[in-house]
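Colleague: Construct the entire structure; sequences and hints are all you get.
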Amino acid sequence: MSRTGLDRLAALLMALARRLAPGDEREWLQAMRSEMDCLAEPRLRLRWAAGGLAAAARMRARSRAARFQGLCLAALALITVQDWRNPDPTATFLALVFAPGLLAFAEPRRRWGIGALFGLWLLAVHAAADLWPSLRPHYQRLPLSPAELLEIALLLAIAVPAAQLGALARR
Amino acid sequence: MPRKPNSSPQTRRVLAALAARPEAWRHGLSLCGETDLSSGTLYPLLSRLKRHGYLESEWREPETPGRPPRHVYRLTAGGRALAAAGRESAAPSGAESQPA
Numbered sequence: 001m002s003r004t005g006l007d008r009l010a011a012l013l014m015a016l017a018r019r020l021a022p023g024d025e026r027e028w029l030q031a032m033r034s035e036m037d038c039l040a041e042p043r044l045r046l047r048w049a050a051g052g053l054a055a056a057a058r059m060r061a062r063s064r065a066a067r068f069q070g071l072c073l074a075a076l077a078l079i080t081v082q083d084w085r086n087p088d089p090t091a092t093f094l095a096l097v098f099a100p101g102l103l104a105f106a107e108p109r110r111r112w113g114i115g116a117l118f119g120l121w122l123l124a125v126h127a128a129a130d131l132w133p134s135l136r137p138h139y140q141r142l143p144l145s146p147a148e149l150l151e152i153a154l155l156l157a158i159a160v161p162a163a164q165l166g167a168l169a170r171r
Numbered sequence: 001m002p003r004k005p006n007s008s009p010q011t012r013r014v015l016a017a018l019a020a021r022p023e024a025w026r027h028g029l030s031l032c033g034e035t036d037l038s039s040g041t042l043y044p045l046l047s048r049l050k051r052h053g054y055l056e057s058e059w060r061e062p063e064t065p066g067r068p069p070r071h072v073y074r075l076t077a078g079g080r081a082l083a084a085a086g087r088e089s090a091a092p093s094g095a096e097s098q099p100a
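Going line by line, the protein sequences match chains A and B. Using our numbering, the letters of the first sequence map in sequence onto residues 1 to 171. Using our numbering, the letters of the second sequence map in sequence onto residues 1 to 100.
One or more hints might be untrue.
Listed below are the simulated SDA-like cross-link pairs for lysine to any residue, each with C-alpha atoms no more than 20 Å apart in a straight line [what the hints assert, rightly or not]:
(1) B:K50 with A:R33
(2) B:K50 with A:E27
(3) B:K50 with B:A17
(4) B:K50 with B:A77
(5) B:K50 with A:L78
(6) B:K50 with A:P22
(7) B:K50 with A:A61
(8) B:K50 with A:A54
(9) B:K50 with A:R26
Across the chosen pairs, the derived CB separations fall in these ranges [said to hold, decoys possible]:
(10) B:R67 with A:D130: 53 to 59 Å
(11) B:S89 with A:G70: 30 to 36 Å
(12) A:A65 with B:W59: 39 to 45 Å
(13) B:W59 with A:W132: 50 to 56 Å
(14) B:S30 with A:Q30: 42 to 48 Å
(15) A:P161 with B:P62: 55 to 61 Å
Partial list, derived from the structure: chain B residues whose beta carbon lies under 10 Å from chain A [stated by the list, open to error]:
(16) G40
(17) Y43
(18) P69
Rather than coming from a laboratory, the hints here were simulated on the basis of the structure. Glycine included, every Cβ here is placed at the ideal spot set by N, Cα and C.
Modeller: Here it is, written out as structure tokens:
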């Protein structure tokens, strides 16, 4: 790759790193960008920029917001697996009360987002699985009817109040 | 329980490099060279040390015109104490009783 190409790639990596880093850590990425300009060789600048991306990923991984997002994703994954394996909806309903409730208790300011995410999640994954029959749960071999889709959408009526209650309990 | 900020060997290397010239302001590039750490390892460590109050930083105008300002670092008093504590814990037991 040419000298200009390497420098463009390095600048692109640093720009990505800056976007990836949490807001309160961006000054460090700016510092890394300044140091990169002091390196003489384009290959060294590219290596430095790759380090910038790694640094941003580390900073993000240890930020509170990222850990919370990871927790939400883990809860959604568990609910999905449980729902796919078990035709009895009771456990899913309970999970859709407790998971958003606990998460909104931890982050009350995000209660609306948490409620909407958990309420609409199963609708989204069931609708997506409906496009590929092999992905459908074993208890549901036929395409979902509009009535069934509406039934899944009503989970919103469980998750949103559960998140509100979780946030309320925090006050 | 939060991890001790000087618990990793990489952090101890950074602290030792900064403590070698405690009054001097240092650039990230020179610290990378002295500690043999990659930029992706060094900067998260510096950020953590600053967050815990062991490091101070400031922006300095560059020596060469046309270059962006550079970020420089040095240990605070607490950082120097932490570096000294790290040196003591890393020293083999009984080293102090060895004859000079």
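Colleague: So, for every hint listed, does it hold in this structure?
Modeller: So, going through the hints one by one against the coordinates:
Pair hint K50 (chain B) plus R33 (chain A) holds up; C-alpha atoms about 19 Å apart against a cutoff of 20 Å. Straight-line distance between C-alpha atoms of K50 (chain B) and E27 (chain A) comes to about 12 Å, which keeps the hinted pair within the 20 Å bound. Our distance criterion of 20 Å between C-alpha atoms is met by K50 (chain B) and A17 (chain B), whose separation comes to about 15 Å. Of the pairs offered as hints, the one joining K50 (chain B) and A77 (chain B) holds, with about 12 Å between alpha carbons and a cut-off of 20 Å not exceeded.
Taking the CA atoms of K50 (chain B) and L78 (chain A), the gap is near 37 Å; set against the 20 Å cutoff, the hint is violated. Proposed proximity of K50 (chain B) and P22 (chain A) is supported: the alpha carbons are some 16 Å apart, at most 20 Å. Only pairs whose Cα atoms come within 20 Å are accepted, and K50 (chain B) paired with A61 (chain A) is accepted, the gap being roughly 18 Å. Distance restraint check for K50 (chain B) and A54 (chain A): the Cα-Cα separation of roughly 19 Å lies within the 20 Å cut-off, and the hinted pair is therefore satisfied.
Taking the CA atoms of K50 (chain B) and R26 (chain A), the gap is near 14 Å; set against the 20 Å cutoff, the hint holds. A beta carbon spacing of about 57 Å between R67 (chain B) and D130 (chain A) agrees with the range 53 to 59 Å that was offered as a hint. In this structure the hint that S89 (chain B) and G70 (chain A) lie 30 to 36 Å apart at CB holds, the actual value being about 33 Å. In this structure, A65 (chain A) and W59 (chain B) break the distance hint of 39 to 45 Å, their C-beta atoms being roughly 26 Å apart.
Restraint check, W59 (chain B) to W132 (chain A): a C-beta distance of roughly 54 Å satisfies the suggested window 50 to 56 Å. Between S30 (chain B) and Q30 (chain A), the C-beta spacing of about 18 Å breaks the proposed range 42 to 48 Å. In this structure the supplied range 55 to 61 Å holds for P161 (chain A) paired with P62 (chain B), their Cβ-Cβ distance being about 57 Å. Among the interface hints, the one on G40 (chain B) holds; its C-beta lies about 3 Å from the nearest C-beta in chain A, closer than the 10 Å criterion.
With its C-beta approaching chain A no nearer than about 4 Å, Y43 (chain B) sits inside the 10 Å limit, and its interface hint holds. Because the beta carbon of P69 (chain B) sits about 6 Å from the nearest beta carbon in chain A, less than 10 Å, this interface hint is met.
Checked against the numbered hints above, the structure breaks hints 5, 12 and 14 and satisfies the rest.
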